[in-house]
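Participant: Sequence:
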Amino acid sequence: MSLEEIKNGKVDLEKIPVDEVFKQLKCTRKGLTSGESEKRLQIFGPNKLEEKHENKFLKFLGFMWNPLSWVMESAAIMAIVLANGGFIEENTAGNAAAALMANLAPQAKVLRDGKWQEVEAAVLVPGDVISIKLGDIVPADARLLEGDPLKIDQAALTGESLPVTRSPGDEVFSGSTCKQGEIDAVVIATGIHTFFGKAAHLVDSTNNVGHFQQVLTSIGNFCIISIGVGVVIEVVVMYAFQHREYRAGIDNLLVLLIGGIPIAMPTVLSVTMAIGSHRLSEQGAITKRMTAIEEMAGMDILCSDKTGTLTLNKLTVDKSLIEVFPERMDADHLILLAARASRVENQDAIDASIVNMLKDPKEIIELCDLKGEVSKTAHKIIANFADRGLRSLAVAYQTIPDKNKDSAGSPWEFVGLLPLFDPPRHDSAETIRRALELGVSVKMITGDQLAIGIETGRRLGMGTNMYPSSALLTDNDESSMTIDELIEKADGFAGVFPEHKYEIVRRLQDRLHIVGMTGDGVNDAPALKKADIGIAVADATDAARSASDIVLTEPGLSVIVSAVLTSRAIFQRMKNYTIYAVSITIRIVFGFLLVALIWKFDFSPFMVLIIAILNDGTIMTISKDRVKPSPVPDSWKLNEIFATGIVLGAYMAIVTVLFFWLAEDTDFFSATFGVKSIRGNHEELTAALYLQVSIISQALIFVTRTRGWSISYSERPGILLVVAFFIAQLLATIIAVYAKWDFAGISGIGWGWAGVIWLFTVVTYIPLDVLKFLIRLVLTGHAWENHPDNQTGITTKKGYGKDEREAQWAEAQRILPGLKEVEAESPTAAAADMHRYSDAV
1 MSLEEIKNGK VDLEKIPVDE VFKQLKCTRK GLTSGESEKR LQIFGPNKLE
51 EKHENKFLKF LGFMWNPLSW VMESAAIMAI VLANGGFIEE NTAGNAAAAL
101 MANLAPQAKV LRDGKWQEVE AAVLVPGDVI SIKLGDIVPA DARLLEGDPL
151 KIDQAALTGE SLPVTRSPGD EVFSGSTCKQ GEIDAVVIAT GIHTFFGKAA
201 HLVDSTNNVG HFQQVLTSIG NFCIISIGVG VVIEVVVMYA FQHREYRAGI
251 DNLLVLLIGG IPIAMPTVLS VTMAIGSHRL SEQGAITKRM TAIEEMAGMD
301 ILCSDKTGTL TLNKLTVDKS LIEVFPERMD ADHLILLAAR ASRVENQDAI
351 DASIVNMLKD PKEIIELCDL KGEVSKTAHK IIANFADRGL RSLAVAYQTI
401 PDKNKDSAGS PWEFVGLLPL FDPPRHDSAE TIRRALELGV SVKMITGDQL
451 AIGIETGRRL GMGTNMYPSS ALLTDNDESS MTIDELIEKA DGFAGVFPEH
501 KYEIVRRLQD RLHIVGMTGD GVNDAPALKK ADIGIAVADA TDAARSASDI
551 VLTEPGLSVI VSAVLTSRAI FQRMKNYTIY AVSITIRIVF GFLLVALIWK
601 FDFSPFMVLI IAILNDGTIM TISKDRVKPS PVPDSWKLNE IFATGIVLGA
651 YMAIVTVLFF WLAEDTDFFS ATFGVKSIRG NHEELTAALY LQVSIISQAL
701 IFVTRTRGWS ISYSERPGIL LVVAFFIAQL LATIIAVYAK WDFAGISGIG
751 WGWAGVIWLF TVVTYIPLDV LKFLIRLVLT GHAWENHPDN QTGITTKKGY
801 GKDEREAQWA EAQRILPGLK EVEAESPTAA AADMHRYSDA V
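Anchor point for the sequence shown: position 350 equals 350 in the working numbering, and the numbering is continuous, going up by one each time.
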C-alpha cells in the first residue's frame, strides 16, 4: 500500500491496530527523518486548512445580476445603487474557515531524526511521532501509543464541554485539547484530511443561492415577459396595421417600458429588509445577511445544538432526584457534606480530615462495604440515573474522634447519591412550545450521549424520539423508514460530529424544508453555513459567528420566537409589495396598450414617469407598515402572487379603458355631474387619464397589504403609509387640475373633474377586495384567513422585553442548583403572555 493510496483513504487508520498503523505508514516509533518528512509533505500537503478568498468586487456585481436590474440599468442609472445594501451587509460576514483555523495548534513537539524538537504544526505529516501533554492543542489526527490514559476536551468538535478519556490505541482529533496526562502518538491524518479539516471544507463548499434572489429573478422575468408581449403587440399593430408615425409609436413604447418596469422593487425590498434588520437588532438578533430575514419567515424546522444552547453547560445537582440513605439526614445535609468534600485547595487540618474523593460511585459503595438490599438499591439507582443520562455522585463520610487525619477513624458510612445533570435554560421549554405553536419543529442535534439527549428532550417537552448518529449511516433494516424519513420524524440525534450535522441539514433541505440551525461552537460551523438560516447564540465562537446569518446577543433561544414573528411581519410587507408591483405592471402595460391601439391615443411618457416617481417613491413607506404576520411558516407562493397580480392588474386596466371610453366617446360625466366635456381634447384627456391611473394604482397597495377587507380596522395601515398616499395623490391632483405643460401634452381639468375622478376611483376600488377573495378561494379553497390577534411580530414592552428576559435569567441563576420537572404552561397563561404582543409599528 503506497502513501498516495493512504492519502486517498484506502486504509482506515482509525480502526486498525496501532502496530499495523506503523506498518501501513512505513514508519517506526522513533519517528521520521527530516528527509522523509519533506517527501511526505509533498504527498500529503501541509497540515493546515485551505484558505479561499472571495472576490468582493464579483460579490458586489452579483447583487445586480437579475433581470430587473438588467433592464433598469439600461433605463435608469439610479438602479445601480440598489445592490449596495446587500453587499455591505454580507461583507461583514467574515471568513468562517479563517475562524476555524484559529483553533488549530501553531506548534507541535515531534520526534525527528531521533530527537524531540518543536516545529510548525503545518509541517507535520502522517507517520510523525508527536508528544501530547497537559494544555496542548492536538495538532493533527493521531493514534495514542503506550502510556496512561489522557483526558481530552473535544468541545471544538462535538461541542460537549466535559473531557473524554482516551486510552492507548484510541484516536485523538486535531483541534481538541489535552486536559490531563502526557503520552506519545503517531499522526495518521493532517490538514484537510482531519476531522477538523473536513469541517472547514464543509464550510467552504457551501454556497447557497438565496430564495430572495430566486424570487426576484422570477418576478423580474414575469414583468419583462409581460412588457415584451405588450411591446410586440404595439409594434405590430401600430406600424403594420395602423401605420402610426414613428415618434408617436416610440412614445407609446416608452410608456410601457417606464410604467411597466417595477423600478422601485429592489429598493423597496432592500429598504424593508434593512429596517427590519435594525428592528431585529433591537430585539437581540443581529442580522448579518439581510435576505436571511425572509428565509426565517419560512423556517419550518429549527435544528438546535444542546450544550450551551438549550442547556446551561453547567453540571448541576438535581435536588428533586437526590437519594438519601440515612433516615436522620435530609437532602440539604447531604449536599452540604458533598460540598465540604469537594474543596481540595488550601486545605487546613480539619478540611483535610473530611476530604476524600474517588472517581466512581461504585468504588464508594465498596469502600462503605454495602451489602444486601442496600447495595442492590444503590446499584439500581445508579443504573436508573445512567439510563436517564444522569451522572451519579456518591457521598460517604466517617468520623475521626481525635481530629487527626492520620488516625483510622470510624467505618465509612454511605449517605446518598447525587444526580448530576446539565440543566435546561429557564426559557428553553417555553421557547420550544411557542416555536411549535408557530409551526416550527425543533430538533435537538447534540454530540453528547443518547441517554443525556433523551433526558434533556423529556425535560424540555420536545419529545424523546431520538437516535444515535449511527442511524444516519445506513437505512434501518428494522424499520420501513428511509434515512430521510427518519431525520424528518426524529426529535433529535446524539453523538453527532460536524459532518453529521451538515448531513442532517442537507437532507432536510432536500425534503424541501426551510432549515434553521443554532449553535455556538466550531463544531456547528459547517451546519450553520449550510442551513438556510444559521443562528449563532450568545457567546458563540468566532467560527460559529462567521458561518452564521444571525447572531443572538442574549443567552438562550427566547429571542428567536420574537425574531421569527418579526421576520414574518417583514416578509409580509415584502410579499404585499410584490403583489402590488406585479399588478401595476399588468395594469400599466395592458391599460395603456388598449387605449393606444383602440383610440390611437398617445399618452405622454413624461406623465408616466411622474406616476412612477410619486407612487414608487412614496410606496417605500410600506417598510414601516403595520402588518399581522402569518401564524405558520410563510413563503413567497409565486402562483398566488402572479395570479393575484394578473387578475387585479387586468381589472384595473379594464377600469381605465372604461373610464377613457366614458370620457372620450360619451357625455356620461358631463350629464351626470355637470362637468365640462373633454371629448376630443387631447391635453385634458391626458390630465384626466393621468389622475385616474395615479390614484387607483397607488390605492391598490391597501388591497394587497391585507388578507381581509382593506378597510378593516383590525388590519388598518400604518400612519406613515396613509400620509404618504394622500400627499402623493394630492400632488397628482394639483398637477391634473392646474398643469399647463405643452412639452408633456397636458392641460389642467379643474377641481370639478378632479372630484369626479376621485369618486369614480372610489367606486371602482371596492370590487378589488372581492376579486382578492375570489382568487384565494380558487387557489386555496377558502377566501378568508383569520390570523389570531396574538400572533404578531412586534412587542410593546419596553426594550422589546429585554429587561424582563434578563430578570428571568437572573432568577433562574439564583435558584440553581434546585431543578424542577418541566410543567406545561396553562393555555390561559400562554394566551395572556402572547396578548402582550401588539402589531403596532
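Source of the hints: derived by calculation from the structure; they are not laboratory data.
In this text the structure is predicted, and so the values were computed from the model without any measurement.
One should not assume that every hint holds.
[Stated by the list, open to error] Straight-line C-alpha distance at most 20 Å; calculated EDC-like pairs for lysine to aspartate or glutamate:
no., residue 1, residue 2
1, Lys380, Asp369
2, Lys48, Glu4
3, Lys319, Asp300
4, Lys740, Glu683
5, Lys23, Asp153
6, Lys48, Asp387
7, Lys371, Asp387
8, Lys15, Glu5
Participant: Indicate, hint by hint, whether the structure satisfies it.
Facilitator: Results of checking the hints against the structure:
1. Lys380 x Asp369: Holds, at about 16 Å.
2. Lys48 x Glu4: holds (18 Å)
3. Lys319 x Asp300: violated (36 Å)
4. Lys740 x Glu683: holds (9 Å)
5. Lys23 x Asp153: Cα-Cα ~29 Å, so violated.
6. Lys48 x Asp387: At roughly 41 Å apart (the allowed maximum being 20 Å), aspartate 387 and lysine 48 break the hint.
7. Lys371 x Asp387: Given pair lysine 371, aspartate 387 is violated - Cα atoms ~23 Å apart, limit 20 Å.
8. Lys15 x Glu5: Holds, at roughly 17 Å.
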